[in-house]
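Visitor: Okay, here's what each chain looks like letter by letter:
There are 2 protein chains.
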Amino acid sequence: MEHRSKNIGLLLAGGEGLRVHQSRPKQFVEAGGRTVLGHTLDAFAATPDIDLVYTVCAPEWAGLAAEIGRQTCGTRFGGTIDGGQTGICSLRHGIEALGAAGHAADDIIIVHDAVRALVSPEIIADCVRVCREKGNAVAAAESRETFLQTDGGDCAAEIAARSAFRLAQTPVGFALGTLGEIFDEAEARGFFADARGTEDTESLVRLCGALGRFPLHFSAGHWSNFKITEDADLELFRRLCAGRSR
Amino acid sequence: MEHRSKNIGLLLAGGEGLRVHQSRPKQFVEAGGRTVLGHTLDAFAATPDIDLVYTVCAPEWAGLAAEIGRQTCGTRFGGTIDGGQTGICSLRHGIEALGAAGHAADDIIIVHDAVRALVSPEIIADCVRVCREKGNAVAAAESRETFLQTDGGDCAAEIAARSAFRLAQTPVGFALGTLGEIFDEAEARGFFADARGTEDTESLVRLCGALGRFPLHFSAGHWSNFKITEDADLELFRRLCAGRSR
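Residue numbers (this note's numbering), protein chains in the order written: chain A, 4 to 249; chain B, 4 to 249.
No lab work stands behind these hints: they were computed from the structure. Be aware that one or more of the hints could be misleading.
Since the list gives no way to pick one copy over another, a pair counts as held whenever it fits inside one copy or between any two copies.
No farther apart than 25 Å at their CA atoms in a straight line, the calculated lysine to aspartate or glutamate pairs in the DMTMM-like style are these [said to hold, decoys possible]:
{"#": "1", "residue 1": "K137", "residue 2": "D154"}
{"#": "2", "residue 1": "K9", "residue 2": "D52"}
{"#": "3", "residue 1": "K137", "residue 2": "E238"}
{"#": "4", "residue 1": "K230", "residue 2": "D187"}
{"#": "5", "residue 1": "K230", "residue 2": "E125"}
{"#": "6", "residue 1": "K137", "residue 2": "D54"}
{"#": "7", "residue 1": "K230", "residue 2": "E161"}
{"#": "8", "residue 1": "K230", "residue 2": "E145"}
{"#": "9", "residue 1": "K9", "residue 2": "E19"}
{"#": "10", "residue 1": "K137", "residue 2": "D157"}
{"#": "11", "residue 1": "K9", "residue 2": "D45"}
{"#": "12", "residue 1": "K137", "residue 2": "E161"}
Produce the complete structure using the sequences and hints provided.
Guide: Below is the structure:
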């Protein structure tokens, strides 16, 4: 019988949400009658290509995260994984836990920010497709605005060629074995030894950049696949939820 | 008696809306019980700093545009101006018409895309403030996504320094006299003689770039101040409208 590698969603829900002035982290805030994480998981549940979904979060939120996971993904919910101090540490914990759970090196891991609640099944499916075809994938959107190159301060000194850039979002797809190699290399190069490289390693894409792991292959993104990190984002998202259910 | 220069909104509503599959241009499409242009003009009407507002549009839409202008801005609505073939030509017609109407060279013109309907009074007021302090202003947003530099195709070859860029939106503010100089220089350099430079001159900011008119000074923008140009944008905007009125 042929081995079929799985497509596994790995939701990063470890953020503290300090920027949204709420008593709870933003991924667990209510919007339109459910949590932000619940909306995000709905999109994964609605993507037939996704076989399993895990959520990485702080231990104190694991109970709620597990409940949301089961409600949205049913038997396709794999469980929760304890997160770390930063997003990239949470991802590392997630990778280690998936390996410890016996998932294969050629299983495709679709890493996604839990606070990108407007992600669509189409964006997730395209990330899976590109990752399987090209070896990796990052959901990326073209900018619709003109890029102004700053003078280092509050002025634009030049116009940059818009077509030369994409805006990196999530999901990001890699085989589990490749993710293990990436984190092993980052560890060997001392990326996690101290605070250096915090900006470089704030996300998987930036970590790949810091390690010179190119090319990264674009899958379909969309400007509406934004992170809910500020009060204004949450307010807009709540309005979108209210408008949808009419 | 001291001369006080005015702050004049100039709404660009000349687009044909071919990308949104509607029978009418997108600025005149209904959303939440009124037109997109009506929502945009609400923000100008709610900005005390704005003394007058004009709308540039195709002659066949001038009747509706005038009605919307009066409904939203009352006696602060200056009138409609016939647009041109492209956005930059419409802007040029607008500048000429404002001069012909007797507005002063030191009046501040706040140029805005009519399809950026989520612009706020705060964004408009900040554009006025920075323009008066610094001589010009462009509403600009910091990107919250990582910039990937493409290899010219479907891959990222490098990570660009996010902090080195801003995303240019509108409103854009200049004194009327300065706008006259900009268009005179563009005319003298043959920018409007043929199709060359279409990309360079697709907006006022890009025209300034093509002419080397720097620095441009940043005023507050926001990612939600997006252009409603595609079906998905219009759908999101309608959901936002429905959610707001609940």
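Visitor: Now tell me, hint by hint, if it's right for this structure.
Guide: Results for each hint:
{"no.": "1", "hint": "K137 with D154", "result": "between (37 Å within a copy, 15 Å between copies)"}
{"no.": "2", "hint": "K9 with D52", "result": "within (9 Å within a copy, 58 Å between copies)"}
{"no.": "3", "hint": "K137 with E238", "result": "neither (37 Å within a copy, 32 Å between copies)"}
{"no.": "4", "hint": "K230 with D187", "result": "neither (28 Å within a copy, 43 Å between copies)"}
{"no.": "5", "hint": "K230 with E125", "result": "both (18 Å within a copy, 22 Å between copies)"}
{"no.": "6", "hint": "K137 with D54", "result": "within (20 Å within a copy, 56 Å between copies)"}
{"no.": "7", "hint": "K230 with E161", "result": "between (28 Å within a copy, 22 Å between copies)"}
{"no.": "8", "hint": "K230 with E145", "result": "both (16 Å within a copy, 14 Å between copies)"}
{"no.": "9", "hint": "K9 with E19", "result": "neither (30 Å within a copy, 46 Å between copies)"}
{"no.": "10", "hint": "K137 with D157", "result": "between (40 Å within a copy, 11 Å between copies)"}
{"no.": "11", "hint": "K9 with D45", "result": "within (19 Å within a copy, 51 Å between copies)"}
{"no.": "12", "hint": "K137 with E161", "result": "between (35 Å within a copy, 17 Å between copies)"}
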